[in-house]
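Novice: Chain residues, written in single-letter form:
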Amino acid sequence: MEKNLILQMKGVTKSFGSVTALSEVQLDLKQGEVLALMGENGAGKSTLMNILNGAITVDEGEIFLQGEKLEMNSPLEARKRGIAKIHQELQLVPELSIAENIFLAREPRNKLGFVNFRKMFLQAEEYLEALELQVNPRQPVKNLRVGEQQLVEIAKALSVDAKIIIMDEPTSALSNAEAEKLFTVIRKLKKSGVSIIYISHRMDEIFALADRITILRDGQFIDTVKTTETNLEQLITMMVGRTLTELYPLRQTLIGEEILRVKNLSFSPIDRNKKGLEDITLSLKKGEVLGIAGLMGSGRTELFECLFGMHPRLSKGEILIEEKSVKIKSPEEAIRNGLAFVTEDRKGQGLVPTRSIGENISLPKLKDFSRLMFMSKNKEKNAWKTQMNNLKIKAPSFDSLVSKLSGGNQQKVVIGRWLLTSPKILLLDEPTRGIDVGAKAEIYHLINELASQGMGIIMISSELPEVMGMSDRILTFCEGKQTGEFLREEATQEKLLLSATYKGGREENVS
Amino acid sequence: MSAERATVPNVDQNPKKLDVRSILHFLQRFQSILGLIVVVVLASILCVRDGVNLFLNPINLANIVRSVSENGIIAIGMTLVILIAGIDLSVGAILGLTATAAADLMMHKDLGFGSTLVIVLLLGAFIGWLNGIVVTKLSIQSFIVTLATMSIARGVARFWSGGIGIPITYGDEPNLAPPAFSWFAERISGVPVPAICFILLSIIFYIVLKFTRFGRYVYAIGGNETAGHLSGIKVNRIKIMVFIICGVLSAFAGIIHAAQLSQGSPNDGNGYELNAIAAVAIGGTSLAGGIGTIFGTIVGALILGVLDNMLGLLNVDNNLQMVVKGLIIIAAVVLQKSRSNR
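Note that the protein sequences, when read in sequence, are chains A and B.
For what it's worth, this note's numbering labels the leading residue of the first sequence as 1487, then goes sequentially.
For what it's worth, this note's numbering labels the leading residue of the second sequence as 207, then goes sequentially.
Don't read these hints as lab results, they were simulated from the structure.
Nothing here was measured: the structure is a model prediction, and the numbers come from that model.
All residues carry an ideal CB built from backbone N, CA and C; glycine is no exception.
Incorrect hints may appear among the rest.
Where chain B lies over chain A, by a calculated footprint (3+ residues, C-beta under 8 Å) [to be verified]: (1) 1826-1836; (2) 1853-1866.
DSS-like cross-link-like pairs, simulated, lysine-lysine; straight-line CA separation at most 27 Å [to be verified]: (3) A/Lys1566 <-> A/Lys1649; (4) B/Lys531 <-> A/Lys1853; (5) B/Lys416 <-> A/Lys1760; (6) A/Lys1865 <-> B/Lys343; (7) B/Lys416 <-> A/Lys1802; (8) A/Lys1867 <-> B/Lys343; (9) A/Lys1851 <-> B/Lys343; (10) B/Lys343 <-> A/Lys1981; (11) A/Lys1815 <-> B/Lys416; (12) A/Lys1813 <-> B/Lys416; (13) A/Lys1815 <-> B/Lys440; (14) A/Lys1813 <-> B/Lys315; (15) A/Lys1833 <-> B/Lys416; (16) A/Lys1863 <-> B/Lys343.
Label pairs and their in silico Cβ distance ranges [unchecked claim]: (17) B/Ser345 <-> A/Ser1560: 47 to 57 Å; (18) A/Lys1833 <-> B/Ile413: 26 to 36 Å; (19) A/Pro1882 <-> B/Leu480: 34 to 44 Å; (20) A/Ala1591 <-> B/Gln347: 22 to 32 Å; (21) B/Gly361 <-> A/Phe1600: 23 to 33 Å.
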């Protein structure tokens, strides 16, 4: 054992219900190093870090901090032991001042028990200076830009004397200049002996910052390598490592004429949590499945939202359906133009949990099922029966509450709803997220069947094997831009991942 | 084979538990109507004085029905608003304003029965529309918006009448109310007209919620507004319509109120919003929206009415009555919660 080893995690295993998130994972961290933690979405990075952070407990395995065994039950305890996590979504109180945020719940006090503001501001200034952040610690955090807020989080970590700082995709919301500044701070922290675990999907950052890289895949530990002794291709192979399974059925592709064309679509969001889009141009043909690969926050969901009329005032560009230019200003108009949108967030945006399967299915078609103002149950029931049979929705009856169904069956209800509108273009956002393998296979078959009937389908997926297995053509997105286009035959996971993680992926050479 | 073996003992294990559970389920499902039965039984047992049952006296029962009607009619509108996850605090003030307006229009402006009715209902619709427009277009929470319109409506009512009630006297001469208006205070074969109105409106809105497209939209928006929007529902339009309905029903309650008391007082209807919300909540409608029925609200309004009446007959101190009512509301909502946790 090397003596400057500050942290060791051994044989860490964690299951959620029947799903094994981590199996026998190991990780070690030296003092004053930057260790990158890499893996695809769902590889177990976040779970591992949540364990280290005390947010969840292990089923099996041991953690040693400076040779001493750790038992932690809360992030607070972890903080006390010198382990701090900078969250993807910052956890600051926007209305409080910078100093108050840094010392939240640990405010320096005077003899009477009141907060000693003078001392607090002075100390805060010191930390901010160390991070080269020239702001007044008295101003509220909400006035800062995201990059500056991140530095406040780091100051907060330093103020508790953190020995280990976990950073989960810290640059995802930063501009290039802000990211550069963060890197300078990280290098400085490193020199002062702080160890950093750095999670990122961006290869360039990893190579610029990390001393060593630990790779996880499907909850398994793959390897830890020195950055100087590896290269991009090797890393990606380790991260991806899978071959296409037979999960993806072959499709007799009969691709017809163009059904959708998007020209120069741009989107400038007001909402900070949304990604802007720049100059997206794409086309979709009848019977074609177009895959979109890109990481979370790459703008892929926003593309669907713009097509579906959810941001009429904030998006620009031209949309042609069957060669006719259309203006889509609301979801209602999108539906009328033959679009259907199966959202990623089934619970939040798809289902009405308080109502029955049947009522959920007929939601966009209520007009067709009613005479004057009154619903005609008979017509509706026939449609419900058809959808339940076609999609093999497993439930006691169409009167069952939709919230009682499994994830797979809920997804089928959502898809059934949209098929009822007989769409020409089907937008699927992560259609198989969180559903079991059996239901996944059924949905893949359904996609193929719909494509062979001449529907044009665009599918977003974070799972590269899924995108490659199902799509005729694949677009990659990164940072709100289209970065690549691949035919099914030429796409490899390595190429896709590279293209989806590099902003200028198109020009980048793989080797 | 093995699968069968595995399931059989499971079924055998807890047949009793299942029975208990299904009874509990049954009790909770019909909790509101059971609550009504309990209150009625209690009242009929307790309110006996000198061998005479004061509660079951037909005149007393008619009184209950009449007093329940005003609150009930408002509570129907409130049910719709709460179903779309909103709240309407302006209903009591609308009642005060419309009662005042009705009295003033008939007594001082010399309007007839029909035109008074139309103008007053339009006034209620206008305030409801205002609520709806501000809630949807400016996306402000309905609690705040209707708190503001409550103040506005109350202020307008007081300003209109100079802060005093306008008595209504009937007659055919100018500056007297058309006798037709007193119909709202009469009885048809023993049943008070307000009660008939309440029953008719209950039936209408039961049908609206259960069998019309509009009803489906209301439940869908309350259950998941985004899902409704993405399914092509014109969410804002439906929401505005719901607030308008609530305003019109409150105005109608205001007309009944004026006829009952033979005066339009700008200070009336104070706190009625809380009674209506209580009736809706006791009736099992979720304040989070999406779950609830008109039937539940009717039962809720009846429970509150019977309770009020019983406490009055028992000569319970007025102030203590409020305490008891508050406790009942908490109990009802707690029961509600235990059901939704299941």
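Novice: Could you run down the list of hints and mark each one as holding or not?
Specialist: Outcome of the hint check:
1. 1826-1836: Holds, because 5 residues of the region 1826-1836 of chain A bring their Cβ atoms closer than 8 Å to Cβ atoms of chain B.
2. 1853-1866: As far as the region 1853-1866 of chain A goes, the hint holds, because 5 residues have Cβ atoms under 8 Å from chain B.
3. A/Lys1566 <-> A/Lys1649: holds, 10 Å
4. B/Lys531 <-> A/Lys1853: violated, 44 Å
5. B/Lys416 <-> A/Lys1760: violated, 38 Å
6. A/Lys1865 <-> B/Lys343: Answer violated: A/Lys1865 to B/Lys343 is near 35 Å, above 27 Å.
7. B/Lys416 <-> A/Lys1802: violated, 41 Å
8. A/Lys1867 <-> B/Lys343: violated, 36 Å
9. A/Lys1851 <-> B/Lys343: holds, 26 Å
10. B/Lys343 <-> A/Lys1981: violated, 47 Å
11. A/Lys1815 <-> B/Lys416: This hinted pair is violated, its Cα atoms lying about 31 Å apart.
12. A/Lys1813 <-> B/Lys416: violated, 35 Å
13. A/Lys1815 <-> B/Lys440: Given pair A/Lys1815, B/Lys440 holds - Cα atoms ~12 Å apart, limit 27 Å.
14. A/Lys1813 <-> B/Lys315: Violated - the C-alpha atoms of B/Lys315 and A/Lys1813 are around 52 Å apart, more than 27 Å.
15. A/Lys1833 <-> B/Lys416: holds, 24 Å
16. A/Lys1863 <-> B/Lys343: violated, 34 Å
17. B/Ser345 <-> A/Ser1560: 47 to 57 Å: Hint violated: Cβ distance 37 Å, outside 47 to 57 Å.
18. A/Lys1833 <-> B/Ile413: 26 to 36 Å: Given range 26 to 36 Å: holds, Cβ gap about 31 Å.
19. A/Pro1882 <-> B/Leu480: 34 to 44 Å: holds, 40 Å
20. A/Ala1591 <-> B/Gln347: 22 to 32 Å: Once the Cβ atoms are compared, 30 Å apart, the range 22 to 32 Å for B/Gln347 and A/Ala1591 holds.
21. B/Gly361 <-> A/Phe1600: 23 to 33 Å: With Cβ atoms ~44 Å apart, the hint is violated.
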